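Fit chain B to the supplied structure of chain A, relying on the hints for placement.
As a plain string of letters, each chain reads:
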Amino acid sequence: MNTQEFTISLFSEDHIGIMNQITIILTRRQINIESITASESAVKGVQILTLVVRTTPEMVQKVVKQMQKIVEVLKVFVHTSDEIIYQELALYKVRTTGLMSGNLIDRIVRDHNARILEVHPEFMVIERTGHKSQINDLLHLLEPCGVLQFVRSGRVAITRQVKELNAYLEEMDQANRQRPGDPESFN
Amino acid sequence: MKTKKEKEKVAEKTNGHETITGAEAILRVLVEEGVDTIFGYPGGAIMPVYDKLLDYQDQLHHFLTRHEQGAAHAAQAYAMVTGKPGICFATSGPGATNLITGIANAYLDSVPMVFITAQVVSNLIGTDAFQETDIIGVSMPVTKWNAQVKKAKDIPETLAKAFFIARTGRPGPVLIDITKDAQFEKLDFRYSKCNYLRSYNPDLPLRTRAIESAAIMINHAEKPLILAGHGVLISGAEKELLQFAEKAEIPVALTLLGLSAFPTAHRLYAGFVGMHGNYAPNLLTNEADLIIAVGMRFDDRVTGNLKKYAKNARIIHIEIDEAEINKNVTVDLEINNDARDVLRHLIPLVNKGTHENWIREFRILDRTESEKVIKPETVPAGGEIKMGEVISLVSELTKGDAIAVTDVGQNQMSVARYFKFSNPNSLVTSGGMGTMGFGLPASIGAKVGKPEKQVVAFIGDGGFQMTIQELGTILHYGIAVKLIILNNGFLGMVRQWQDMFFSKRYASTELVNPDFVTIAGAYGIPAKTVSEREDLKDSVKEMLDAEGPFILDVRIDREANVLPMIEPGASVSEVTLTYK
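Protein chains in written order, with numbering that gives the first Met the number 0: chain A, 0 to 186; chain B, 0 to 579.
Here chain A stands alone, though its shape is the one from the complex (with noise of 0.2 Å):
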């Protein structure tokens, strides 16, 4: 199976139980979430849910469509990752002891563009955005030193696209104002 990584960008109102609904779509077909990330949007009131899947081309397309027909999805967009812009972002602790050895925290600095947030004498705590594979860079760099503990954030995402949810939220306040009295019953 030709599987590759996508990033799926859904916009949603501020309703409880959307995540639930997005994953009951992706174990269906038995598509693992990579990482996840959820915040308000640029609208207020409109949520982003940020998802990274690794799958076909043609299963993304189907799961995007179940993803659009939850009533309160406003619209969801799939990317490649050469599509978008994202980073993700990763904290180390890492034993004092074993940093202070060589230039190691000048690399750190330097080379992986890393911030050091706390120094306590038993450990530090550094902080690294990226993308998965050069905060993966890092990780082998410091785990001779003892890695305590990593943690990686889900991926954060910017499309490159001109039209953005707002014009789409217009698009749709417009079909409201156009819609003539009561819809059509079932028959």
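Think of the hints as simulated: they come from the structure by calculation, not from any bench.
This one's a predicted model, so the numbers in the text were calculated from it and none came from an experiment.
Be aware that a few hints might be false.
[Said to hold, decoys possible] Which bits of chain B does chain A cover? Going by a derived footprint, with three or more residues having C-beta under 8 Å, they are: (1) 131-139; (2) 195-205.
[Unchecked claim] Below, in silico cross-link-like pairs of lysine-lysine (DSBU-like), each with a Cα-Cα straight-line distance of 35 Å or less: (3) B/Lys150 to B/Lys246; (4) B/Lys536 to B/Lys371; (5) B/Lys536 to A/Lys74; (6) A/Lys68 to B/Lys326; (7) B/Lys150 to A/Lys68; (8) B/Lys83 to A/Lys64; (9) B/Lys83 to B/Lys192; (10) B/Lys149 to A/Lys43.
Just so you know, even glycine gets a beta-carbon here, dropped at the ideal spot from N, CA and C.
Positioned in the frame of chain A, the structure of chain B alone reads:
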């Protein structure tokens, strides 16, 4: 003189709105939405609603079933024959979970329904309180939408949304879970129907360019075939389908849920497609050069092996639910719109067509099927009574004016094959879910929805016993349904598969049955057993002429198989006419 209660009510009416309880608000919304029939079952958490229902008896007729599953199926059948949403009440916990099979059934068959379940008092939610179930979580995968209400003031708006969502777009069941305290709480009642949600737009702009392309494809096709499904009935496009088929002279095949969308007797009717469908449309699906799929979803029971499905055809898919397009079958042209809207626009664009040779191919195969399967099944020379002959006889005697209800399995496939439909929405069956036990409660809902129609249910002896307690509902309300038990003493379809694919090892399919006539007697329902062919016609007539309900227990050929059949994994063109 006004009673104290009435005075209070008047005093509460101020500024054009009134203060009423949440329980009453639920009932008021139903009245505002044009509901007059409810199926349900009471229990602790929903008692405030049932209490208020006594005051609304002249506007809202409640049918107490004998199990919540029965209420769900009855309400679904009511929706299918009337076109109005089916309404169903149940209490919290087991009441709500007992609905799930019925909800899932309505979801797979796109039937508009509003389920109202009660929930424990809001401060007890999440504490594993008595009769508490997370019905929102449980019903999420099988509802089009669901929501919980914990404040009385939210009841009108939430229910308005529920009705809007249930009946628009691709219809489906919605569930609203209302806590007991919200039912007691008071609110200022004001109601306006919902007709817009920013995130949900069922009115799709008509894909006119795609329709124009479709017309060109249709005008150039030599062997076109229409595959029509439930979407035609839901959008009310039966007339348009007829006009379109007649103008372009294209044979029309129907899916199980599409049956009754096109008259069985019409010269362009190609038959029923799928695993036990007719010979010609299955076989010729793989000969067609163009398939026009209207309001159907290429279910696996329709397509058989997808790798060998319709490979000679280009496919146009007219479908309101975008998620169904390119789901199972990759199509050449998609028209993501309502079936009726598309057909209305399409009819003037298609040329008057003639496909005489192509239609002749269907007729030749029809003759083969008739000789090998249909005649032996419907007019057998001798032997035991056949399922097909019972159905064919009822169809003939009711002159296509009855509503046929089925259970699931051999009885269902035989009705689909041998009942002749002339009116839209005259078949009530459980399609996608294949729910055994659907038939008996569904017949109740169908009769309540269309009391002027003869409602005949064909149910196997297995399925009959799955929801047999609904005989109590028939007794209670004197519902004049005609129930035919096609009794072969087996779970017939499973036995057929054991016969064909499991070396005839009949594992747990033979039934030891009660005497159904005695049972019917206990419920005060006239009943009769028929085991001889010469008694069949008179008994069916007696049943049809009965004013009230009637049960006919017909002893049929115990080990007969429904044919033709596309074996699991086989292609539609590998349909077998005979076995053994």
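Results of checking the hints against the structure:
| no. | hint | result |
| --- | --- | --- |
| 1 | 131-139 | holds (count 3) |
| 2 | 195-205 | holds (count 8) |
| 3 | B/Lys150 to B/Lys246 | violated (56 Å) |
| 4 | B/Lys536 to B/Lys371 | holds (24 Å) |
| 5 | B/Lys536 to A/Lys74 | violated (59 Å) |
| 6 | A/Lys68 to B/Lys326 | holds (14 Å) |
| 7 | B/Lys150 to A/Lys68 | holds (27 Å) |
| 8 | B/Lys83 to A/Lys64 | holds (28 Å) |
| 9 | B/Lys83 to B/Lys192 | holds (15 Å) |
| 10 | B/Lys149 to A/Lys43 | holds (25 Å) |
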